[in-house]
Amino acid sequence: MNIQLLGWKTTGLRCPDTEIQFNPSTAESSISLVQMPNGTGKSTIIELIEAAMTGSASGWPPSYVMEFINTDNPSDFGTFELHFNLSNVDQKSRKVSFQIDFDFVVGTVTYSTLENVNVGLVDGWEPPSELIPFLKDDCVQVFVFKGDKVEHLLDKNRADAEMSIKAFFGLSNIDELCDHIETEFQKVNSGIKTEQGHSKKENQLNDWILHRRLLKDREKTLEHELKPLRSRYDESHLKVQKLMSGQSVNNEKKEKYETELNNYKNNLDKATRYAFDSLRNPLFISNKITSRLNELHNNLEKFKLPGTSSVFFDELCNADNCICDRIMDEKSISAIKKNSAGFLSDNQINIVNGIKGDIIEFTNLADETKNKNIFDELNAMIKNYNSINNTYTAHITKMKEEATEKHRILMEEYEYLVVDIQKKEGMLKVLNNQEGSYKEAKKKRPKDCNQIPIVDKVIESLEEEIALANDTLKELNAKNKLINVLKQSSKIALSDLKIEIGKKCNEKLKAIIPEGDWLEVKEVDKNIKIGYGDRTQSRGSGGQNVAVAYSFATSLLERSGAEFPLIVDHPVTALMDSARRELGKKLANICHQFIGFIIDTEKSGFVESLSTNSKNIKYITMFKKISANEIYMSNLPKDTSKVYKSENGIVCTDKDFFDNFEDVNEYEED
Amino acid sequence: MFKIHKDVKNWAKHLLKAKETPFDTQLDLYYLCFIVGIGLCKSPNYKSEHVVDIIPRYTQPFQNYREIYAALLIVSELRNASIEMTKELVSKKMTSILDTYDSTHLSDEAFGLMNQYAFGGFEAIRKELPNPPPNPHDFIKWYYDVMLPKCFTDDKW
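Chains A and B, in that order, are what the protein sequence lines are. Every position in the first sequence, counted from 1, becomes a number in this note's numbering once 1290 is added. Every position in the second sequence, counted from 1, becomes a number in this note's numbering once 179 is added.
Everything labelled a hint here was simulated from the structure, so no lab data went into it. There could be a bad hint or two in this list.
Unchecked claim - Coverage of chain B stretches by chain A, computed from C-beta distances (three or more under 8 Å per stretch; other residues unrestricted): (1) 204–214; (2) 244–257; (3) 266–279; (4) 305–319; (5) 324–333.
To be verified - Derived contacts from chain A toward chain B, CB cut-off under 7 Å, selection only: (6) Asp-1559; (7) Arg-1570; (8) Arg-1582; (9) Asp-1648.
Nothing here was measured: the structure is a model prediction, and the numbers come from that model. Just so you know, even glycine gets a beta-carbon here, dropped at the ideal spot from N, CA and C.
Using the sequences provided together with the hints, build the complete structure.
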């Protein structure tokens, strides 16, 4: 199955009203470069392409829908149309279109689909049935490359590569099927009913099953909420990065202050601890203490406190005669017992001697001047630290003040997204945590357990007990066998697919990367692992990473039998000129249709190489019709067939205009 | 057992949790309160239900000074009683304060006295500083510059 993007049209949205048309060919690879200055709406268009292909805009909240309104000239409605050609082996090719209609009055979107010209436009998102499996989010993100996609595929802390494979080959459906089998089995065999007469065990099982459903719903909701959040985060992250790089001078200063502040803080912490340690010796604190303790020492020397073991007095009281040979009568014994209380024991005498020794020792060490110096030094360090901290804070305040209101909102949104995503991912982690004992969990109430794997084990255990009692063990084992077979098959299929796609990647890589560049895909796991020979590396150069990502995407598409175009945002921004030239040479070999959204600074090295090595290239430049862009309008070619003008936008397909175009505006978010 | 005013943990939560804080345990704060208590007076408000257990022994940094702390307790008690040091009184005090079987050298009576001083010390500190600064260095500076000069004054010592 071959899918070629024919173009799109936008009206009444925050990007200019324009119509872009491509002329893909089945005979040869076609490449289209769409150049826009920053702030024209590149990210908007890519997001709309994704939304058109996945139907995801139906789930957008009104606040998000309203973000697409044209703020310069707001209108009540807007439209995005996406057109592409679908060719099956056994059928003629046909045009398919998705249309998203925005209602900015109520904040909603609706879809229409053209799937059959004889039927015309129908309400709803209704793609051709053969396309549906490939229009899930995880599939579309394989061929619509946004932002950090290249890095994400290689990132060992993410599972983008695996998720893409599972999505493309329907393996993620198998998990849903297994859940469905479990649910149906429960309905038939284990008594979802809660009528009287059912055993306590069945009611217990029922409670756990209901709780599992609750947890699975919660998991689904979190995953569903996370998808758009992650997408918004990627966009926001890019924008923040652009913003921060635009403030690089301020950032360098900020980093310098932070380093200095950290050094001061480390020294201050050490000085604080030293000062506190010095206070542990009371003789350091006050000369009154020193004086009193020395008085005690002198008195202890003078008094020569009596001491002897209490055993001596006990033995004396039990003896017939005293040591002076007097007879021990009741009166003597009583007097000894009374007076011996004033005697210190040997151990107490040792402590007293210790006290005397320590008083002398620590008095010699104590020096009020030294202690004062310690605290004077601490004070000085606190002053210095506060001074640096104030300078740093003032600098940050200045940075924030210099940022425009829009940037402030951008940063706030970014920080909010980070917190929200972390919170939801944390909750998902808890739900999927396998640690713990299901036997312990089984003794408690279902709602005390929020871990799906543990709940599954409890349910399995209860099912087995009930099955034994009800003599339905055979059915239970059959159900479990079926689920195991499905899961095992899925696991084996995934493993085989990863190996196959890894091999395909390496075949393509050989065609893309320059000679002498030693790089291969070592393994496709949750992420793509690269290296060469015995060496594994977490990432390559910018050019290598891009080559790997494109190889992976096109390998996946080929293997799945659904050849979509590659639509890439900033295809070469991270590459040096040499890498851009190499990519330009090989781009035609990568896929049947390539659409790259670029800015003027990406042309260097890339476009010339592309022009030399590919035949079917379309050069499109698009910009807003505003006063700041007057200079572009004055440079438009005289051949009006290459210029399309709307009320608020201009599209030019002239190559010379494309080559000479330079963005003169300051950074503005898309 | 060393017992501390039950409000200390909450009052000093930022000091205890600060990164690189010199206050490794509540005993560190207990000691600072004890010194202030010794320098001023025992608290007349002391009630056992207002304190919580911390630890039954000194932590390592305090172990070196255990004899000094015992001696300080003795001179404070004698000072509070406003009596001169006589052989009998000192001997009696030593006997009641020192416990040779405890690593702290402190008897139950001694613990009780120390806890009362620490309780009173905290009340005095809190009165001067209802909300401590979150940074340990600012607190230590305040303690040395502001609180300690109020203690061990001629009228009290």
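Here's how the hints hold up against the structure:
Look at the segment 204–214 of chain B against chain A: 4 of its residues bring a Cβ nearer than 8 Å to a Cβ of that chain, three or more, so the hint holds. Counting residues of the segment 244–257 of chain B whose C-beta sits closer than 8 Å to any C-beta of chain A gives 9, which meets the bar of three, so the coverage hint holds. With a threshold of 8 Å between beta carbons, the proposed coverage of the segment 266–279 of chain B by chain A holds, since 9 of its residues qualify and at least three are required. A stretch counts as covered by a chain when three or more of its residues have a beta carbon under 8 Å from one of that chain; for the segment 305–319 of chain B and chain A the count is 4, and the coverage holds.
A stretch counts as covered by a chain when three or more of its residues have a beta carbon under 8 Å from one of that chain; for the segment 324–333 of chain B and chain A the count is 4, and the coverage holds. Against a cut-off of 7 Å between C-beta atoms, the interface hint on A/Asp-1559 holds, since the closest Cβ of chain B lies about 4 Å away. The beta carbon of A/Arg-1570 is positioned within 7 Å of a beta carbon in chain B (closest approach about 6 Å), and the interface hint is therefore held. With a cut of 7 Å, the hint placing A/Arg-1582 at the interface with chain B holds, because the nearest CB-to-CB distance is about 5 Å.
Nearest Cβ of chain B to the Cβ of A/Asp-1648: about 4 Å, under the 7 Å cut. The hint holds.
Hint compliance for this structure: no hint is broken.
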